[in-house]
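Chains as they are written, first to last, in the UniProt record's numbering: chain A, 1 to 215; chain B, 1 to 215; chain C, 1 to 215; chain D, 1 to 215.
Calculated from the structure, these hints are not laboratory results. Be a bit skeptical, because a hint or two may be false.
Where chains are identical, the list cannot tell them apart; a pair therefore holds if satisfied intra-copy or between any two copies.
Stated by the list, open to error - Derived lysine-lysine pairs resembling DSBU-like cross-links, with alpha carbons at most 35 Å apart:
{"hint": "1", "residue 1": "K139", "residue 2": "K158"}
{"hint": "2", "residue 1": "K135", "residue 2": "K154"}
{"hint": "3", "residue 1": "K139", "residue 2": "K154"}
{"hint": "4", "residue 1": "K79", "residue 2": "K67"}
4 protein chains.
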Amino acid sequence: MRYAEDVAKAIKQRLTRQESRLETRTKLLESAAQLFARGGYEGASVDLIAESAGYSKGAFYSNFESKEAIFLELLDIHKRREIDALAALLAQDIPASELLSLIRSGESGRGSDFRIGLLSAEFQLQACRDKTFAKTYAKLHRTHRDTMAGLVVKLFAKLARTPPSAPKDLADIIMGLTTGLSLQETSVQGPLRKGFINEAILLVLGLDRVGEKRA
Amino acid sequence: MRYAEDVAKAIKQRLTRQESRLETRTKLLESAAQLFARGGYEGASVDLIAESAGYSKGAFYSNFESKEAIFLELLDIHKRREIDALAALLAQDIPASELLSLIRSGESGRGSDFRIGLLSAEFQLQACRDKTFAKTYAKLHRTHRDTMAGLVVKLFAKLARTPPSAPKDLADIIMGLTTGLSLQETSVQGPLRKGFINEAILLVLGLDRVGEKRA
Amino acid sequence: MRYAEDVAKAIKQRLTRQESRLETRTKLLESAAQLFARGGYEGASVDLIAESAGYSKGAFYSNFESKEAIFLELLDIHKRREIDALAALLAQDIPASELLSLIRSGESGRGSDFRIGLLSAEFQLQACRDKTFAKTYAKLHRTHRDTMAGLVVKLFAKLARTPPSAPKDLADIIMGLTTGLSLQETSVQGPLRKGFINEAILLVLGLDRVGEKRA
Amino acid sequence: MRYAEDVAKAIKQRLTRQESRLETRTKLLESAAQLFARGGYEGASVDLIAESAGYSKGAFYSNFESKEAIFLELLDIHKRREIDALAALLAQDIPASELLSLIRSGESGRGSDFRIGLLSAEFQLQACRDKTFAKTYAKLHRTHRDTMAGLVVKLFAKLARTPPSAPKDLADIIMGLTTGLSLQETSVQGPLRKGFINEAILLVLGLDRVGEKRA
DNA sequence: TATGAATGAGGTTTCATTCAT
DNA sequence: TATGAATGAAACCTCATTCAT
Numbered sequence: 001m002r003y004a005e006d007v008a009k010a011i012k013q014r015l016t017r018q019e020s021r022l023e024t025r026t027k028l029l030e031s032a033a034q035l036f037a038r039g040g041y042e043g044a045s046v047d048l049i050a051e052s053a054g055y056s057k058g059a060f061y062s063n064f065e066s067k068e069a070i071f072l073e074l075l076d077i078h079k080r081r082e083i084d085a086l087a088a089l090l091a092q093d094i095p096a097s098e099l100l101s102l103i104r105s106g107e108s109g110r111g112s113d114f115r116i117g118l119l120s121a122e123f124q125l126q127a128c129r130d131k132t133f134a135k136t137y138a139k140l141h142r143t144h145r146d147t148m149a150g151l152v153v154k155l156f157a158k159l160a161r162t163p164p165s166a167p168k169d170l171a172d173i174i175m176g177l178t179t180g181l182s183l184q185e186t187s188v189q190g191p192l193r194k195g196f197i198n199e200a201i202l203l204v205l206g207l208d209r210v211g212e213k214r215a
Numbered sequence: 001m002r003y004a005e006d007v008a009k010a011i012k013q014r015l016t017r018q019e020s021r022l023e024t025r026t027k028l029l030e031s032a033a034q035l036f037a038r039g040g041y042e043g044a045s046v047d048l049i050a051e052s053a054g055y056s057k058g059a060f061y062s063n064f065e066s067k068e069a070i071f072l073e074l075l076d077i078h079k080r081r082e083i084d085a086l087a088a089l090l091a092q093d094i095p096a097s098e099l100l101s102l103i104r105s106g107e108s109g110r111g112s113d114f115r116i117g118l119l120s121a122e123f124q125l126q127a128c129r130d131k132t133f134a135k136t137y138a139k140l141h142r143t144h145r146d147t148m149a150g151l152v153v154k155l156f157a158k159l160a161r162t163p164p165s166a167p168k169d170l171a172d173i174i175m176g177l178t179t180g181l182s183l184q185e186t187s188v189q190g191p192l193r194k195g196f197i198n199e200a201i202l203l204v205l206g207l208d209r210v211g212e213k214r215a
Numbered sequence: 001m002r003y004a005e006d007v008a009k010a011i012k013q014r015l016t017r018q019e020s021r022l023e024t025r026t027k028l029l030e031s032a033a034q035l036f037a038r039g040g041y042e043g044a045s046v047d048l049i050a051e052s053a054g055y056s057k058g059a060f061y062s063n064f065e066s067k068e069a070i071f072l073e074l075l076d077i078h079k080r081r082e083i084d085a086l087a088a089l090l091a092q093d094i095p096a097s098e099l100l101s102l103i104r105s106g107e108s109g110r111g112s113d114f115r116i117g118l119l120s121a122e123f124q125l126q127a128c129r130d131k132t133f134a135k136t137y138a139k140l141h142r143t144h145r146d147t148m149a150g151l152v153v154k155l156f157a158k159l160a161r162t163p164p165s166a167p168k169d170l171a172d173i174i175m176g177l178t179t180g181l182s183l184q185e186t187s188v189q190g191p192l193r194k195g196f197i198n199e200a201i202l203l204v205l206g207l208d209r210v211g212e213k214r215a
Numbered sequence: 001m002r003y004a005e006d007v008a009k010a011i012k013q014r015l016t017r018q019e020s021r022l023e024t025r026t027k028l029l030e031s032a033a034q035l036f037a038r039g040g041y042e043g044a045s046v047d048l049i050a051e052s053a054g055y056s057k058g059a060f061y062s063n064f065e066s067k068e069a070i071f072l073e074l075l076d077i078h079k080r081r082e083i084d085a086l087a088a089l090l091a092q093d094i095p096a097s098e099l100l101s102l103i104r105s106g107e108s109g110r111g112s113d114f115r116i117g118l119l120s121a122e123f124q125l126q127a128c129r130d131k132t133f134a135k136t137y138a139k140l141h142r143t144h145r146d147t148m149a150g151l152v153v154k155l156f157a158k159l160a161r162t163p164p165s166a167p168k169d170l171a172d173i174i175m176g177l178t179t180g181l182s183l184q185e186t187s188v189q190g191p192l193r194k195g196f197i198n199e200a201i202l203l204v205l206g207l208d209r210v211g212e213k214r215a
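Please model the entire structure based on the sequences and the hints provided.
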């Protein structure tokens, strides 16, 4: 019994520790995402990240090896999140019309409280400058692009149409468009309407009139 | 005679000075453009800009008020340059087919020895962060967008076709696409073919098959 | 019975605890000695010491009050060890010739797996800087020096010779020479032969030719 | 005349600049020497060095590439100074007796307002840990040692005596002794008399009684 | 106008130490 | 007793900017 108690306590303790550490990590990651998106890689200091997460600089370095590390981890998390969302969409058996409206109203690069489009641009900008970065980014980008291409193929199959260009190219274009327009959205801050990016994507795919015809 | 000589000399000197000042400014701007494109706003130090232009820090501050100032001036120059090019295109009476091939082979954001796409992204990223910046940028962007929209209208008129969306939106999309794909091109460094950006633009406009049909 | 058992268990446990504590202390001290010798006082972090001993930082602070404390304790241990060795030599009734050869082949500051010479220099350097340190060090040094002086007297008595200088001075010189040459040995890493330090000591004592004459 | 004036002014200006820069460098070097000697390599912060020289951190980095750089430069300067002093001694044609008294009263590692012995120990300690350091140090040490060995040879030739060991070994011993005893002198702070180090050197060389006999 | 020495705020990172578990 | 997450001071270094020359 005593032993059992000890074990239970130990497990509980370890869990609490793990949990608390995880919470710290999560908070730091969230702060970092926001600050990177707002001020860029150079614009967000470790000090600021830690402070805005409610911790000290030391806590940051106890959880991440370096500023670059948290940036890279953020990249990983957000790209993975996008990929997963797309994969989930692919996995379901959704009718074409619903797919279209999902896209039209979708979260393509917006929706979180920080602008993922900005982060993406920031990532790519860093990748232009840092070899390590570029490698990681390129790999992730390719995975993402391929998943996206798969979705494009599936979408056109359901619509019984032919894609206007190679699916991989279309995927690249969609991603570039998303980044580029997100950048515009935040910097020009004005005429860009909600849903504009999604409409632009449908335009590229030549699907901008598809929903309307039936309506 | 002496007086006349002195005056002549003074004038000459002043001209020479002005010229030399202009040369210094030009060289500094060029260096700055290259370095900002390569390393981002934070990546290019005033020292480096000055040195790589063949001057000292002092020369830099004799010609520009601050680092931000040269960045803003660069923004102005490059956006103006693009606008002028488009305006020139609009002014001429070019037949539709030629316009298309001009676009297809055009300089849309590439061709200079520094990547203007990167600079553009950098500009927009800064604009997200700095109010002064954002204002200047937004104004310039709007002018640029309108000129571009005019070109789109003219193009479709010549082709006797209807634009697939509002010309201003199309202009925004073209610009966003250019920035986004430029970013991809340099960071993913791989499958992006030369001319890909231009093809993407034609795709958005629904003009990707126009040239082919006749060929 | 139960009570007796419990007491026995408690005692055993206490012993075990004491033993385990001692083991922890010992391991930490050993790690610290190695790391201080390798990287200096500043070069060895508490984290590293603990980790390389197979414990955590917490264990370190459970056993030592501070980093300075373990350094001081190390100083104490090593100086005491040397002194004990010398005292043992003095206590025995060793013939002169044997004493000489013992010195010639001896462990004067080398032989342990970490360089005690380096540690010694490190100790003295710290002593120059820290008053607490300096006091402890000076006291220990004096004890050591006196013991060494005693050995010198005994040695010369056995050899029926007169020391070339005051025994305490000779002791100081021997100790300084040991430290200085150890430092050279590790930093210049070259021509310094094994046994060189011991030969140098005999040279100072004017005993360098003593063994040879008889051979 | 005008031209000549300008040139004169330019030269004067340049000299003033150079002079002022040199003065800064010198002051920084002096501060660094003192602080390194007092607190060791790690004990002297760049901030402290700069401040105690009356400058800002920035001034330090405008004059030295890094903390390591100034340390290495200090090493170079002081070793060179010692070597030069010895070389000067060698160059002159000084009678043996005078040489001896020069050594006895000499500046062997002391005399400057900072303890060169401590600096030397600090250098060697760093050299044990840093490869770059070790290389530079080893080279300098060898030069120094050889010069010292030359002096030893010359000295014994003048005295018509035979060195008690290989001159290079004697040189190593002299240098080690100097470092080791300097360390003792400052850390034990007490019984070490002025001139003790020099006497010890003469003892090693077997010349401790040479002056006395004649007296 | 141009130089470059100097400033000083601020950046990333390390680490001795504390303390809840 | 031992753990290790967190602290926060302090280190090295960078860089936009100023100013005497």
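Please work out whether the CA atoms of K139 and K158 approach to 35 Å or closer within one copy, between two copies, in both situations, or in neither?
within (29 Å within a copy, 43 Å between copies)
Can you tell me if K135 and K154 fall within 35 Å by alpha carbon in one copy, between copies, both or neither?
For K135 and K154, the Cα distance is within 35 Å only inside one copy (29 Å; across copies 43 Å).
With 35 Å as the alpha-carbon cut-off, assign the pair K79 and K67 to within, between, both or neither.
both (18 Å within a copy, 33 Å between copies)
Could you place K139 and K154 in one of the four classes (within, between, both, neither) given a Cα distance threshold of 35 Å?
Intra 23 Å, inter 41 Å, cutoff 35 Å: intra-copy only.
Violated hints: none; the structure is consistent with every hint.
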